[in-house]
Amino acid sequence: MSIGHALLGLLEGGPRHGYDLKRAYDERFGHDRPLHYGQVYSTLSRLLKNGFVSEAGVEAGDGPERKRYAITDAGVTDVERWLGTPEKPEPYLQNTLYAKVVLALLSGRSATEVLDAQRSAHLATMRGLTRRKSDGDLADQLICDFALFHLEADLRWLELTAARLDELAEEIAK
Amino acid sequence: MSLLVAQDLHKSFGRTRALEGAGLTIRAGEIVAVMGPSGSGKSTLLHCLAGILPPDSGTVTYRDRELTTMSDSARSELRRTEFGFVFQFGQLVPELTCLENVALPLRLSGVKRRDAERAAREWMARLEVDAVADQRPGETSGGQGQRVAVARALVTGPKVVFADEPTGALDSLNGERVMHLLTTAARETGAAVVLVTHEPRVAAYSDREVVVRDGRSRDVEFVR
Amino acid sequence: MNRVLSDLALGVRLAVGGSRKSWVRLALQGVGIGMCVAVLLLAASIPTAFGNRDLRGNGRDVVSEGAGPAPLLLEHGSMPFRSHHISGDYVRALTPDAPKPPGVQRLPADGEIFVSPRLAALLASPEGELLRPRFPQKIIGTFAEEGLDGPQDLRFLAGDGKIEPSSGNRVHAFGRTGPGGGLPPILSMLSVVGAVVLLFPVLVFVGVATRLAAAQRDRRLAALRLVGAGAVRVRLIASGEALAGALVGLVIGFGLMFALRPFADDIPIPELAVFPADLTPTLPLTLTVGVAVPVLAVLTSVFAMRRTIIEPLGVVREQKPVRRRLWWRVFPALAGAALLASQFGKVDETSEPAQWPIVAGVVLLMFAIPVLLPWLVERVVHRMRGATPALQLAVRRLQLDAGTAARVVGGVAVVLAGTVTLQMTLAGVEHEVKADEAAEANYRHLAVSMHEAVDVPELTGVLAKAPGVVSVQELTRTYGTLPNNDYVAIAVGSCAALESMAEVPDCSDGKAFIVPSEKSRDDAEAGDVLGIEKSDSPWTVPRLEPSAGSRPGLYLTPAAARGMSLAEATTEVQAELDTALPDAAEHARNAIAFHSWRVYSYYVGQDDSAEIEQVFFAVRRALYAAALLTLLLAGASLLVVGLEQVRERRRPLAVMAASGVPRGTLARSLVWQNAIPLVISTVVSVATGILLGVLVTRVFDGEVAYDWTGIGIVTGISVGMVVLVTALTLPSLRRATGALGLRTE
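Residue numbers (the UniProt record's numbering), protein chains in the order written: chain W, 1 to 174; chain X, 1 to 224; chain R, 1 to 745.
Same shape as in the complex, but just chain W (with noise of 0.2 Å):
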């Protein structure tokens, strides 16, 4: 996900100090990964440099950097660019999870065992994030439900595997 957008985005509302811009985007966003200072302010200085923010004032102050921002008129444009623009779908064609099943066939190794154990280990993972996700608020519900639809994806994946893996073992075979 690009940063500087959901900075941009964030700017929206109003000019904001480089510190608050990363708790609100930690508290939207953030999750498992909130952001570093150095991430934000490396990541200001070239919308800065591109022109998409200005610097609206320093404050009198004992703190490290009290700097506000706020976005320009190309800034705008450029956030109402990314919103216009769908994501790329990704096409997964690389994928690890399949390699190493066919490499478990090629060593004669099992299969079934690879499958069963990733199996595991998204189950338990989706279980966590229903856990929080009953537990949570809207917000939280959305973003493990996001979670839960892929890994779910994965599963299903895994589950037709399982089911082909014969017709697989004779494919490499040949």
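For the record, the hints were derived by calculation from the structure and aren't laboratory data. Note that this is a predicted model, so its numbers are computed, not measured. Using N, Cα and C, we set each Cβ at its ideal position, and we do this for glycine too. Mixed in with the good hints there might be a few duds.
Stated by the list, open to error - Just a few of them, taken from the derived set where beta-carbon distance is under 8 Å, the chain X residues facing chain W:
id, residue
1, Phe89
2, Gly138
3, His180
4, Pro200
5, Arg201
6, Ala203
7, Ala204
8, Glu209
Given the structure of chain W, go ahead and fit chains X and R onto it with the hints provided.
Coordinates of chains X and R only, in the frame set by chain W:
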């Protein structure tokens, strides 16, 4: 503590072998997902566990009582008093109002009409369907109907709830809601849930899963 | 037009369907409507049957005028035998080409006789042993159909060379054209009421049969409606379905009618038995049946579709139906009762009754049942909440769909009501007949009247020596004309002779007695001046003492009859019988049988009660058979409805069984589901039947009698039907509640 134990179950329908040595242990209060592809024997396993179908061979023990040797009426009574059921669809009696549907198991156990309906109303409120209490199932939405069914399954305070594809006929949102309410309520009352599903997202509501493949079941251990 | 036809065709195809279930439904419909059609066709044959009977009667009538000397002499010689009536003629041909009556190959010569098949059978049977002395002639053949009224006629034609020409026995030819007398008004009225009571349920049943297994069809048509078929098209499609059933029914009906026809001559009541060939429906009535039944089927089916047309979604989703309104449903019942009440006592043996209020009243009252019943069932189940889960399930089911059940039992109800009405009318008639019978039972005298050529002293001598005859008295009989022109019977004889006719206490010569006639007629009083039969001299009535007897009239000792001209009076011999000897009357008759047509004996003391019992038993049995048949049909439709409901609710039933609902509870709910409407309809129909019975009996000024046993039996059969039907649905319930019912297909 093991509540319900099935060992080495075999069951055939004509020439079709549904179960070939399936086994399962359910501990009190846990939620177990029974997963597997269509036709793997999931539902048959559930029917045998719940004493709806007698297996051809093997044992099913509930609290030290052997289900396979019990009479039909004794199993019937056991199902009525100790178990609860949620199915995919068509489980509510279309003529009765939703409230009467929920009250039915209590009434069958001899609870007075007024008491039964009061208890039913409480459960319907817990499942957020008290608004449709006086409507017939045909007049409710699918999600409401399933929640009414969950209320009916839980109203007798069962030790085990058997749920066979409880969200199979629902969209994701309603499915999630039914699963959330079902598992929350089951955890609160300490009922174990046997959840037959082929949807991983539904299975994710469980504590552990059992995979049925070609009539054989396997506990899949997982790391919490 | 093309669209109309194609929609109709679609309906027919839906009805025929191809699946086994739709064939079963069509077959049930066909059998149901077929039975109705058969009954209607039999009713349509009645004019032919009795018309032909009249025609044959006319063909036997003698033509006594003609040119030249008469070629044939004929004397009527009817005779009673026990409770049979044997009619016949004695003939003497004077020329070789003398005319012969229809049904015989030639005229019998002296000492020869033709008999009807039934008379031949009677003579050959052990019972006929007592009759044989009266027919010493040689039987030379039996009558063909055209010489008989009906298949059970007891008739003979004997040759007698000793007949001498007299004023009344000359025959020039046989056969007369002209209208018959027809039925007396009261009888024709009764038969109209009977026909309405019998046929109306048939019409209702056509409707019921058309709607067999209708719930499922309603849903199918509602689905058609939901996908965009217009109201008109859905009606057309429904009509097509109904039409298919009606046409199959017509075919089955005609088949049944011709299958039943050969049994027509076995009807145990001689007056009703007809030759099978006579049982041919008249063309106009056949056409009416052929058109009316399909039209009726289509109309009921379209009319019943109202709800499907108006709210198809409600039918598909099984929502609570609209409540039925009462006001127009009461109207037929009230109007019918009022019409009948307005005719109370207006019909008797002489007056010409106003037919339409009675017929309309009966029809309206019968119509009230199927109209009121759905409303009533709905109201009753609406109030019920169900004390037990089984009852609750049944009640809720009925609340959702009271119509189907009410319609099915509605047919039963009309039949039941009709049956109860007929039973009551029958019981009333039986009651009166038995009372008459009882009044006559103690009568011990055989009255013998004779042709003038018979030597009276010789006859009395023979009679006196006959077995079983205690004494023989002579009576002189004549008629007097009252001032108001009414006739009064007069009997003159010794006290002993009078005693044979009436109670004459302290009788001595010179006394006069009167047996009063029925209330509607005037009686002779002392001082009245009477004109005497075939005499110009009037006679003044002396002081009369009241008496009692079975024949009303004046009973005079010779001294009291002084001044009366008795020259033209007839002589009647009264033979007192020893009632201890069985069949004493028949033995006495056999003793004087050699006089053949010259004597006629009359014995009212014949104990006919066994015979009457038999007739009523036969009628009652026919009624039960008809009621049972319709109830069976209703049972079959209840079964279809029941099976359909089990199949439809397979899933909830299976789930309930899986969740531990005992099968007994489910079975009991099925019992309730059938029993509630049936109990309501039985109560309604028995009540309506009794009401109708009372009203009809009152209209005919009869005595109201209740046939509780009959009502009990019919009610019992209905209850048994519910149990049976439910028992038959149990296997399918067992199948549905097995774990396999849980599987999704």
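Evaluation of the provided hints:
Annotation: Phe89(X) was flagged as interfacial toward chain W, and the flag is violated, the nearest CB pair being 22 Å apart, outside 8 Å. For the restraint placing Gly138(X) at the interface with chain W, the shortest Cβ-Cβ distance is roughly 31 Å, beyond the 8 Å limit, so the hint is violated. For His180(X), the interface hint holds, the least distance from its beta-carbon to any beta-carbon of chain W being 6 Å, beneath 8 Å. A hinted interface residue such as Pro200(X) counts as satisfied when its beta carbon comes closer than 8 Å to some beta carbon of chain W; here the least separation is about 4 Å, so the hint holds.
Hint status for Arg201(X): holds, given a least beta-carbon distance of 5 Å to chain W, under 8 Å. Checking Ala203(X) against chain W by beta carbon gives a least distance of about 7 Å; that is within 8 Å, so the hint holds. The beta carbon of Ala204(X) is positioned within 8 Å of a beta carbon in chain W (closest approach about 4 Å), and the interface hint is therefore held. Proximity of Glu209(X) to chain W holds as hinted, the smallest CB-CB distance being about 6 Å (cut-off 8 Å).
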